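Engineer: Protein chains in written order, with the working numbering: chain A, 92 to 637; chain B, 699 to 975.
So the derived label-pair ranges between C-beta atoms look like this:
1) A:Ser-216 x B:Ile-894: 56 to 62 Å
2) B:Ile-818 x A:Gly-108: 45 to 51 Å
3) B:Leu-788 x A:Gln-238: 51 to 57 Å
Heads up, incomplete: computed chain B residues facing chain A, CB under 8 Å, no partners named:
4) Phe-866
5) Gln-868
6) Ile-873
7) Gly-874
8) Glu-884
Think of the hints as simulated: they come from the structure by calculation, not from any bench. Fair warning: this is a prediction, and the values are worked out from it, not measured in the lab. No residue lacks a Cβ here, since even glycine has one placed at the ideal position from N, Cα and C.
As a plain string of letters, each chain reads:
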Amino acid sequence: MTRLLDIRGLHVSLPEGAQRPYAVENADFHLDQNEILCVVGESGSGKSLTARAVMGLLPRPHVRVANGQIVFHSEDLATASEPRMREIRGSEISMIFQEPMTALNPVMTIGVQIDEVFRFHEKMSSKERRERALSLLSDVRLPDPEQALKAYPHELSGGQRQRAMIAMALALDPKILIADEPTTALDVTTQAQVLKLIKEMQEAHGTGVLFITHDFGVVADIADRVAVMQNGLVVESGTTDEVLRQPTHPYTQSLIAAVPSLAPRPPRTRSSEVVLEVKHLEKTYRSGGGYFGGKERVVHAARDVTFDLARGETLGIVGESGSGKSTVARCIVRLNDAEAGEILLDGVDLRPLGRAAMRPHRPKIQMVFQDPFASLNPRARVGRIIAQGPILAGANAVTAKKRALELLETVGLDAGAYDRFPHEFSGGQRQRIGVARALALDPEVLVADEPVSALDVSIQAQILQLLDEIRDQMNLSMVFITHDLRVAAQVCDRIAVMRRGEVVEIGPTGMLFEAPRHEYTRELLSAVPGRDWFAAPVEKLAAVSS
Amino acid sequence: MHSFWKRFARNRQALFGLAILGCILIMAATAHLFFPTDPFSLAGQSMSPPGQNGFLLGSDSLGRDVAAGIAHGAKTSLLIGLVATLVAVLIGVIMGALAGYYGGIVDDLLMRTTEMFQTIPSFVFAILLVAIMKPSIESIVIAIAVVSWPAVARLVRGEFLSLRNREFVQACHTIGMSDVRIMLGEILPNCLSPIIVIGSLMVATAILIESGLAFLGLGDPNIMSWGFQVGAGRTLLRSAWWVCTFPGIAILLTVLAINLVGEGLNDALNPRLRERS
Chain A
92 MTRLLDIRGL
102 HVSLPEGAQR
112 PYAVENADFH
122 LDQNEILCVV
132 GESGSGKSLT
142 ARAVMGLLPR
152 PHVRVANGQI
162 VFHSEDLATA
172 SEPRMREIRG
182 SEISMIFQEP
192 MTALNPVMTI
202 GVQIDEVFRF
212 HEKMSSKERR
222 ERALSLLSDV
232 RLPDPEQALK
242 AYPHELSGGQ
252 RQRAMIAMAL
262 ALDPKILIAD
272 EPTTALDVTT
282 QAQVLKLIKE
292 MQEAHGTGVL
302 FITHDFGVVA
312 DIADRVAVMQ
322 NGLVVESGTT
332 DEVLRQPTHP
342 YTQSLIAAVP
352 SLAPRPPRTR
362 SSEVVLEVKH
372 LEKTYRSGGG
382 YFGGKERVVH
392 AARDVTFDLA
402 RGETLGIVGE
412 SGSGKSTVAR
422 CIVRLNDAEA
432 GEILLDGVDL
442 RPLGRAAMRP
452 HRPKIQMVFQ
462 DPFASLNPRA
472 RVGRIIAQGP
482 ILAGANAVTA
492 KKRALELLET
502 VGLDAGAYDR
512 FPHEFSGGQR
522 QRIGVARALA
532 LDPEVLVADE
542 PVSALDVSIQ
552 AQILQLLDEI
562 RDQMNLSMVF
572 ITHDLRVAAQ
582 VCDRIAVMRR
592 GEVVEIGPTG
602 MLFEAPRHEY
612 TRELLSAVPG
622 RDWFAAPVEK
632 LAAVSS
Chain B
699 MHSFWKRFAR
709 NRQALFGLAI
719 LGCILIMAAT
729 AHLFFPTDPF
739 SLAGQSMSPP
749 GQNGFLLGSD
759 SLGRDVAAGI
769 AHGAKTSLLI
779 GLVATLVAVL
789 IGVIMGALAG
799 YYGGIVDDLL
809 MRTTEMFQTI
819 PSFVFAILLV
829 AIMKPSIESI
839 VIAIAVVSWP
849 AVARLVRGEF
859 LSLRNREFVQ
869 ACHTIGMSDV
879 RIMLGEILPN
889 CLSPIIVIGS
899 LMVATAILIE
909 SGLAFLGLGD
919 PNIMSWGFQV
929 GAGRTLLRSA
939 WWVCTFPGIA
949 ILLTVLAINL
959 VGEGLNDALN
969 PRLRERS
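Could you build all of it, start to finish, from the sequences and the hints given here?
Structural biologist: Here it is as structure tokens:
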């Protein structure tokens, strides 16, 4: 087996005043021909900067390789000249990025962008280049390669864009492919397809793949070997089997333990008291048109959506992007207006209520948002963020403050947080503040829209646990929106699966997982990354507790 | 606050601008101490070159002291610049906030109105307004404000448009907050930085417009201003260069200083641009 890349004692330095002196410290690992090495870590672990160091794409001069070697074919890339690096990039080592929409140039067609790769590196006639591009696009199994050549990035779906990126990266048959979270922005079924494609392409070309990810499910599916990074240090490395079965480092153990398993939670008895009933909800989005005519686009975001929610129950709404799950959530809390149907909260239909008539019902149904960095006003102190709900509802300032301090304790923050600004907190802590804000009005129903999808796995587990605790404590009913079936399995009593605005299947979590009735549910379940590895929670729990 | 000042102070040009601006402010504030008499009064021999007959910067064709005019004119320029900008920012913020927040038909109405104002060249429009209203300090302030608010409205509209869909604003909707409170208490504080920056740069533009109006004889006849001085001296440019030159330099320095400070504010308030140098 040929060694392609040998990273020895790599130090990547951060600018002065950063949290730590080195983004990557003393990293040692290697990549062989025809293998996939996964570098796993949470945000801020230095995994992406490692990849960029190999490509010579560090944001210099602030961040640079301070020490160590990156040996590629007996050549040290850390000290290679910029012209030499330009030769290597694309032809010997190429890279695919997380978000293909921003990695592709939006004003150039896919064909032109693939063509560039050939033009910059090799001498070929334009006809030859075009044929190569076409064969590449059919290799990555884009449905209509001819059409794709002429398409602009926005005309393709996310998965197709990522396929085009892969085609471009593999255009000159590089020896090393660096993939920086290439499937994180994709839906789970698309992710499964793209992972399969990368694996196949790697096997067909004998490429060495350096695959950066935060998801152990993906690791289990694709990796030959794994390197785990924490705070810039490689804490553990070994074959996938070794690392996943017998992690030796406590950090790896905790990470693997935090991966939500696909095994559903034990069923609980369902209360007979129905708190929220949604009947035949309809919502369409229209765009285009305008005063001077033009073609109008109509998207059915919710079509005949019907479900009910019992007291103390958590209902998961699961679906891929564009399935209308967030729209349903927003219609329930009346951020969006549904066109038809009923939203019965304690027997009162909220849907037709105007703003003023809705106001007395607002406190009963509250929302937790997805992005903890966007959901808190950066200019307001935490105390005000939490207390302003009760104050608007008529509480006096003293009671509201007392309540806010209580809530901070409930969500696991200390009272000192009251006078601080959101930017002083980490993502997980901010999400706790978001939960406290939603609880401040003593709601009956909590609608959580992807509350953990912006968080690292270990933090995810904590927030899910917190949501579980407060639900039991306050006898809340919860509507939990997520794209991740693993997360849904952890918290939901029942799950509704949505596709293109329709609820295709709804049922208790256990039954839905064991015997999915709808084909789409089966598809979703089989696409969950690492489902074979992380399906047995009992073993895993035993491993952790010992 | 402390870190803001540190970021601002890192920019040498901005500090330089701030120093000049400080000098001009002191000059305006102490004008009546150094030049207690009316700047319009005849102070001595006419057409004296700088440094002669007791005139520091010379005198004009009627024997008025140029230095006294500059000192008293500073007050006029700064006052008009500030007040006109405040009025323009106020109108612009209200229009932009309503348009950006409500969108739809409100947005269309307000923005088409704004565009109507933008289609007329601003200086010509200002001349027209002052000519209609009779030249006075109030009419000049109104004219400058009327021609400068559309830029603010556009900016604020853009900020409101992007902020109104942010999750923290939606969270305020879910707790039943009223629109006015959301606009004033939640969104506005988040777009203060660009407003401060555009406001500071608008002061400079306002001073230029005022000088231009005064140069054309449309200034308040009872108030000394730099533009008036330049206008009065323009026919003597070849025989008495100092009458035009010194007020001109005063305008140049003030506008330059304000622009430098505005740029500095921009760099200090927009953290994303901080690392660009």
